[in-house]
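K.L.:
Chain residues, written in single-letter form:
There are 2 protein chains.
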Amino acid sequence: MGVVLNLDGKRAAASVASLVELTAAEMARVNELILSKAGSDVDLIPELAKHLIDSGGKRLRPMVTLAAAQMFGYSGEGHVKLATSVEFMHTATLLHDDVVDESDLRRGRKTARMIWGNQASVLVGDFLLGQAFRMMVDVGSLEALDILSGAACVIAEGEVMQLGVAKNLETTEDDYLAVIKAKTAALFSAAAEVGPVIAEASRNDRAALRSYGTNLGLAFQLVDDALDYGGKSSDLGKNVGDDFREGKVTLPVILAYRRGSAEERAFWTSAIEDAQCDDAALERAIGLMNKHGAIGDTIGRARHFGEIARDALAPLRQTPQKDALLDVIDFCISRVS
Amino acid sequence: MGVVLNLDGKRAAASVASLVELTAAEMARVNELILSKAGSDVDLIPELAKHLIDSGGKRLRPMVTLAAAQMFGYSGEGHVKLATSVEFMHTATLLHDDVVDESDLRRGRKTARMIWGNQASVLVGDFLLGQAFRMMVDVGSLEALDILSGAACVIAEGEVMQLGVAKNLETTEDDYLAVIKAKTAALFSAAAEVGPVIAEASRNDRAALRSYGTNLGLAFQLVDDALDYGGKSSDLGKNVGDDFREGKVTLPVILAYRRGSAEERAFWTSAIEDAQCDDAALERAIGLMNKHGAIGDTIGRARHFGEIARDALAPLRQTPQKDALLDVIDFCISRVS
Numbered sequence: 001m002g003v004v005l006n007l008d009g010k011r012a013a014a015s016v017a018s019l020v021e022l023t024a025a026e027m028a029r030v031n032e033l034i035l036s037k038a039g040s041d042v043d044l045i046p047e048l049a050k051h052l053i054d055s056g057g058k059r060l061r062p063m064v065t066l067a068a069a070q071m072f073g074y075s076g077e078g079h080v081k082l083a084t085s086v087e088f089m090h091t092a093t094l095l096h097d098d099v100v101d102e103s104d105l106r107r108g109r110k111t112a113r114m115i116w117g118n119q120a121s122v123l124v125g126d127f128l129l130g131q132a133f134r135m136m137v138d139v140g141s142l143e144a145l146d147i148l149s150g151a152a153c154v155i156a157e158g159e160v161m162q163l164g165v166a167k168n169l170e171t172t173e174d175d176y177l178a179v180i181k182a183k184t185a186a187l188f189s190a191a192a193e194v195g196p197v198i199a200e201a202s203r204n205d206r207a208a209l210r211s212y213g214t215n216l217g218l219a220f221q222l223v224d225d226a227l228d229y230g231g232k233s234s235d236l237g238k239n240v241g242d243d244f245r246e247g248k249v250t251l252p253v254i255l256a257y258r259r260g261s262a263e264e265r266a267f268w269t270s271a272i273e274d275a276q277c278d279d280a281a282l283e284r285a286i287g288l289m290n291k292h293g294a295i296g297d298t299i300g301r302a303r304h305f306g307e308i309a310r311d312a313l314a315p316l317r318q319t320p321q322k323d324a325l326l327d328v329i330d331f332c333i334s335r336v337s
Numbered sequence: 338m339g340v341v342l343n344l345d346g347k348r349a350a351a352s353v354a355s356l357v358e359l360t361a362a363e364m365a366r367v368n369e370l371i372l373s374k375a376g377s378d379v380d381l382i383p384e385l386a387k388h389l390i391d392s393g394g395k396r397l398r399p400m401v402t403l404a405a406a407q408m409f410g411y412s413g414e415g416h417v418k419l420a421t422s423v424e425f426m427h428t429a430t431l432l433h434d435d436v437v438d439e440s441d442l443r444r445g446r447k448t449a450r451m452i453w454g455n456q457a458s459v460l461v462g463d464f465l466l467g468q469a470f471r472m473m474v475d476v477g478s479l480e481a482l483d484i485l486s487g488a489a490c491v492i493a494e495g496e497v498m499q500l501g502v503a504k505n506l507e508t509t510e511d512d513y514l515a516v517i518k519a520k521t522a523a524l525f526s527a528a529a530e531v532g533p534v535i536a537e538a539s540r541n542d543r544a545a546l547r548s549y550g551t552n553l554g555l556a557f558q559l560v561d562d563a564l565d566y567g568g569k570s571s572d573l574g575k576n577v578g579d580d581f582r583e584g585k586v587t588l589p590v591i592l593a594y595r596r597g598s599a600e601e602r603a604f605w606t607s608a609i610e611d612a613q614c615d616d617a618a619l620e621r622a623i624g625l626m627n628k629h630g631a632i633g634d635t636i637g638r639a640r641h642f643g644e645i646a647r648d649a650l651a652p653l654r655q656t657p658q659k660d661a662l663l664d665v666i667d668f669c670i671s672r673v674s
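So the protein sequences, as listed, match chains A and B.
For what it's worth, the working numbering labels the leading residue of the first sequence as 1, then goes sequentially.
For what it's worth, the working numbering labels the leading residue of the second sequence as 338, then goes sequentially.
Isolated chain A (complex conformation) (with noise of 0.2 Å):
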């Protein structure tokens, strides 16, 4: 039960089409913020900044926000602010996680801890935090300032309880579920709640947007996993494997261990606790996986978080920001399929 791939990327990339029009000129002005905010007399700080800034991510989350103010209408400059913090959270927690998790390789480049050590990262990473809370108290809405917050908070929890789960075959698809739930979703949630919150939209599109970027987030996460086993390291700037070899218990992982014979698990055990993660057993890995559908599966049940946040947006009237927010939902999962 192989995957088939899509790697030519044009069709996923298309998919986001319509949300990079809409959003456009308020990315220019977020690109601009971001700039300037990462600005410090302190040198290392912005050179750091700038590394992270250019190293091509798409900025899914700020659009998001940026599509959800004005999709209910929001005309003021607040989103551009809320959308730049909440990029700015999403940018600490990468250099925080890159500490944490000790990468070397972010996205096909050597990550800031690499380049200027961990200490630059925590703190680069904090500063960036600090500036993302004063963007968001300049716009003066306490409603954004505590749901943003919040999911710092969430976040960081999320960070902690993946350190438990952390080379531990037993957890469960459940304890996974409340990691990512937690270290991925809560920012896209956020991020697309604070949208209708300064537009002053109604409780009821408040948590519509909520629930789309919980599951939307669940959906990204789950196949970003799926592709460790089975992108080529050109499309993701990661390498096939990585999660391997760092050991990490990923959806694919869990599925695969639980699905195994006994001498199945005694494999499982020694590659991901006890770094046994060689290219052999990298390649045993993927048979593994394919053998028992767990990369299938994965992406079955990014799907259904993927539907979720479709139904979330149904009852909400057709606009052009709707149309884009859910085509993202098919770009997500169209990097595998």
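Simulated from the structure, these hints should not be mistaken for laboratory data.
C-beta atoms are modelled at their ideal positions from N, C-alpha and C, and glycine is treated no differently.
Take the hints with a grain of salt, since some may be wrong.
Taking lysine-lysine pairs in the DSBU-like style, the calculated list, with each CA pair at most 35 Å apart, reads [unchecked claim]:
#1 A:LYS58 / A:LYS181
#2 B:LYS374 / A:LYS248
#3 A:LYS181 / B:LYS447
#4 B:LYS504 / A:LYS37
#5 B:LYS585 / B:LYS518
Coverage of chain A stretches by chain B, computed from C-beta distances (three or more under 8 Å per stretch; other residues unrestricted) [said to hold, decoys possible]:
#6 127-135
#7 159-172
Given chain A, work out where chain B should sit, using these hints.
P.N.:
Then chain B, alone, in the frame of chain A:
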């Protein structure tokens, strides 16, 4: 030119007595809030937080916030939350600092990173920072949020600046003051200023408390630097010479180096830059500091900032809170004298 240290401790403790007494009832609520907000279903978080909470810091910063709010007749509950936020910001900074400095001990106890690892220290720091912001949002004062989020940025900038001066003996006194102003004084300043802010006191009153906090923080840090070359372990919870062994360039080192002969400078270079910092080297370092009056003059600089802090409060009418805050200045300086 030796320095007489007050190793008794009783006199020093006595001069925070009135601050402790004035804020006792509210500090009990701060302590409850600390415990409840450090709670999480993720066990590691309250465990690690409890370690820090039990580590017996004086909680000077939250007491300053409480007294500064009382001083202007504040009668609500917000100051308890702001004081707790200030303490959480401080705790988060300590956690990240210990990772950055690779410290083994803090106040005579193993640092969290030695028990739970760097990863947990980074992430629990992020969690506590997130909780600090949530509490501030809960209070609902955008001005207080502005001050405290601004301080969060400045503190992180200060820490990054400190990386730049680390092991650099050519650091000037001005460079060093810029570092400690950001790293230490900014939080004291914010802690003091949010008192009058939440009490809706005048701009002048806010400015007075802000200035008091900044200068108290500078004095506090300089005394701490001096103590590192002349306290005893049981008083400090750190050992004499910890800064020296870590190659930290603090004001006593800066003064001794700048005033030293070529041969003495070569000693400092080998000690600080090349980590030749055994007990014999420490003894020589202290000898050179005494020869050049470096410790005494560091304390002199601290006294200078203490006087500015005192004058900052001078125009305010006499209240028990004002007296208590003035006593804190003496307390800081009297740790060495």
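K.L.:
Check the structure against each numbered hint from earlier and tell me which ones fail, lowest number first.
P.N.:
Of the numbered hints, all hold.
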